[in-house]
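Make the full structure from the sequences, and use the hints.
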Amino acid sequence: MKLGELAARLGCELRGDGELEIRGVAGLDEAGPGDLSFLANPRYAEKLRATRAGAVVVAPGHEAPVPSLVCDNPYLAFSRAVALVRAQPRPAPGVHPSAHVHATAVVGDGVHVGALAVVGAGVRVGARSVLHPHVVLYDGVLVGEDCELHSGVQVRERCRLGDRVVVQNGAVIGADGFGFARDAEGRYHKFPQVGIVVVEDDVEIGALAAIDRAALGETRIGRGSKLDNLVQVGHSVTIGEDSVLAGQVGVAGSTRIGRRVTLAGQVGVAGHLEIGDGVVATAQTGIPSSVEPGAVVSGYPAIENRAWLKASAVFAKLPELLRRLRELERKVESLLVR
Amino acid sequence: MKLGELAARLGCELRGDGELEIRGVAGLDEAGPGDLSFLANPRYAEKLRATRAGAVVVAPGHEAPVPSLVCDNPYLAFSRAVALVRAQPRPAPGVHPSAHVHATAVVGDGVHVGALAVVGAGVRVGARSVLHPHVVLYDGVLVGEDCELHSGVQVRERCRLGDRVVVQNGAVIGADGFGFARDAEGRYHKFPQVGIVVVEDDVEIGALAAIDRAALGETRIGRGSKLDNLVQVGHSVTIGEDSVLAGQVGVAGSTRIGRRVTLAGQVGVAGHLEIGDGVVATAQTGIPSSVEPGAVVSGYPAIENRAWLKASAVFAKLPELLRRLRELERKVESLLVR
Amino acid sequence: MKLGELAARLGCELRGDGELEIRGVAGLDEAGPGDLSFLANPRYAEKLRATRAGAVVVAPGHEAPVPSLVCDNPYLAFSRAVALVRAQPRPAPGVHPSAHVHATAVVGDGVHVGALAVVGAGVRVGARSVLHPHVVLYDGVLVGEDCELHSGVQVRERCRLGDRVVVQNGAVIGADGFGFARDAEGRYHKFPQVGIVVVEDDVEIGALAAIDRAALGETRIGRGSKLDNLVQVGHSVTIGEDSVLAGQVGVAGSTRIGRRVTLAGQVGVAGHLEIGDGVVATAQTGIPSSVEPGAVVSGYPAIENRAWLKASAVFAKLPELLRRLRELERKVESLLVR
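First to last, the protein sequences are chains A, B and C.
Under this note's numbering, the first residue of the first sequence carries the number -17, and numbering increases by one thereafter.
Under this note's numbering, the first residue of the second sequence carries the number -17, and numbering increases by one thereafter.
Under this note's numbering, the first residue of the third sequence carries the number -17, and numbering increases by one thereafter.
Treat the hints loosely; a few may be bogus.
Any copy will do: because identical chains look the same in the list, a pair fits if it lies in one copy or spans two.
In silico DSS-like links for lysine-lysine, alpha-carbon gap of 25 angstroms or less [to be verified]:
{"id": "1", "residue 1": "K299", "residue 2": "K313"}
{"id": "2", "residue 1": "K(-16)", "residue 2": "K29"}
{"id": "3", "residue 1": "K(-16)", "residue 2": "K172"}
Source of the hints: derived by calculation from the structure; they are not laboratory data.
And the structure:
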């Protein structure tokens, strides 16, 4: 694709030769003459000067030694360029002969059902959605339009996915929540998990993530939210729109997470809490109680991030602090007996 | 089902109209006129007064504005009511024609083997057990009676499951333990993992949990224990009866966990330890050494829970503490030079 | 196998009756008369004296009450003995009739493709490799010689595995990395992940581990490294040779991990860091910044291990420390007003 056409499609200002043919995409370090690259983080501005890329996407104010596409959000523009330059072949519409699609299932126009997939009774799959090999949809599942479910994904009975939902390999949507009633002898009895999971439009769910169905009502993942690999979402949790849960995050049952929340890697959130809109929790934070909107929290148990950073700095000095305390105690004793 | 019949089946005292028809189950907030609801946590007693439920299960001493079933353990009684009112259709007995069941495998009466399941040589599956689609049982696996293995579950060679075991989607039972011998050049060589996993009766294992086979003997999950999603159990671990491991807990190899132990979410337990009966570890606790029976532990490294709560409260004040220490040092110096 | 033959094959010194027939392998506690056992950890030397094993592998300087094989690395020698005595039957070469192997895929001599496996277009599988049932290889995947991929493993498009790679059940290699560009309205847009994963020779990957493909270039797991269950490796991460990542470790995107690094269970490493050769991080460590080669780190945020051990010991005493500080403040005030 010519650089000029890319500029037009991405809505970027073109600086330099629009006839340049772009054949690939790469980082600033790896890019060669036919590649488009980008500068999003000003920290790497030096790499821009040394790049061998054919062209780059940059923000206004950056001078590139090669033809460039200029726009306010170079990372977003470049990500769109990747989709244009490295367009992935879409599996052809049709149902693979080895797939098992129940007679009562309804599959929309242009849907691809891969080898050995299982589509249960009463399932509906919207137009142009792709089920890769070995996907299993239990009875009554609804999948919207333009979804992509990778191999090994399991969706349990009656769960519902919106449009443009992407589910990476091996994720499990709608397994039973972890609910047991204890009897007088201390034995646990299963609380039947008869609720469902609702995944709204434009959500992405990572590989081997587990989103449990509600005991009675529904577990809900809000529009546009992104969940990374190996994330655990307990039963009856709700997550607002445009929130991000990074790898290995765990959220216990019935907690309500707001909009535009960011939970970094390995964060844990206890059950029955309210996590306000815009909350950010840094990696490995453990959240035992509700968090006000807009707060940035860290640590275990979670406290305000700046307070945690300062306290952590002192933590490493605790042995010295104890020594100084003992020294003071000695001095004060000597003063008291004077 | 009529409320009176439910009362009889659950062994509850009936207050109000036994002819009331119960058609659904729901939480106090969501329940409508045909629904049964419940109050288990007295914290929500106010919701009871405002509920629109048709009937409720409550403990003695709670006055409900609607017909009620009274018993000592409302949560347990309600969970049984859910099973009665929302009975899930059981897959019909029989082997799906697309399943691959080895000629030497023995499948009991009333067993369901789903589409594309694989049942290896010498496997035995007890009466009435259900293997959902895409379950894989390696050679020599034993599965007891009335088990339910959800789609995507993998059980490795020679592992044994008792009766009434439930395994959620994608869980892996019996993968090789993490054992390697290091040579003089610092390279790792696989220690063949020739042991097995034994899962006793009434155990439930969560989605995408991994229970490793022992190197030589067996890994064992005790009767009635419940393991949540994404739990990791290392080789040769033993877990006693009626223990609970919440989501994303990890237990390293050869550790022995007692009876009625509770490990909350994301807890990590080091290898070769003894965790006594009745131990409770709060969320994200890291346990580096053995724990006495009955202890409640928290933190990383784990200490007694109350001590940890107090120390954590001081942690947030560490910068202030350091400031006060410096102030004292100044004052004491001034006193010393008087 | 006779003990004398084992000695010869393992390169150990034989002490005692070489005609002894070894029929099994077991730990010192469990071993019976026909079993070979071993002593690797001198802590268990007492068990050696009491063992009922038929023979043992020990290091020089240990006196065993039974015939023994003596060598410098008894654990390594014993692990080789296990492979000889308990040799696992290898699945017979051939493609199961229910497997779907694309016409353009090339499968080497002696390869086993199990039931219901899916092998995509252009895939190459090297000689003697084993694909267990339900393995899915997307188009363009390369698998080397003598690999073993257990049931439920998913390998995404164009990813490459070297020789003698072992992948435990359900692991996902090459799912999309977690990359999204945020627009001015705060919505996330997928950054297409067009890179790959390269797994070098002699790597083992645990059950339900997730190794993400790079956004643009490659994610790389170095020769001989071993990754345990439920490990998360973000996009564009590189791991050097002979490193070990224990269960539930998470490594965020673009981080470079050196050679012979050990990350213990549940360790988390932030993105875009350099973790030097030989670094050791103890369990649950959270690493927010780069680590020098050879360092041993602990805690959250990670600090030098010995400093962390000392500080952790003081942490538990924080309430007492605060009390002593207050007491001092009172005393100093009384001195100041004298």
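Taking the hints in turn, this is what the structure says about them:
1. K299 x K313: For K299 and K313, both the intra-copy (21 angstroms) and inter-copy (21 angstroms) Cα distances are at most 25 angstroms.
2. K(-16) x K29: Answer is within; shortest intra-copy Cα gap is 24 angstroms, inter-copy 64 angstroms.
3. K(-16) x K172: between (61 angstroms within a copy, 23 angstroms between copies)
Consistency with the previously given hints is maintained throughout, with no hint failing.
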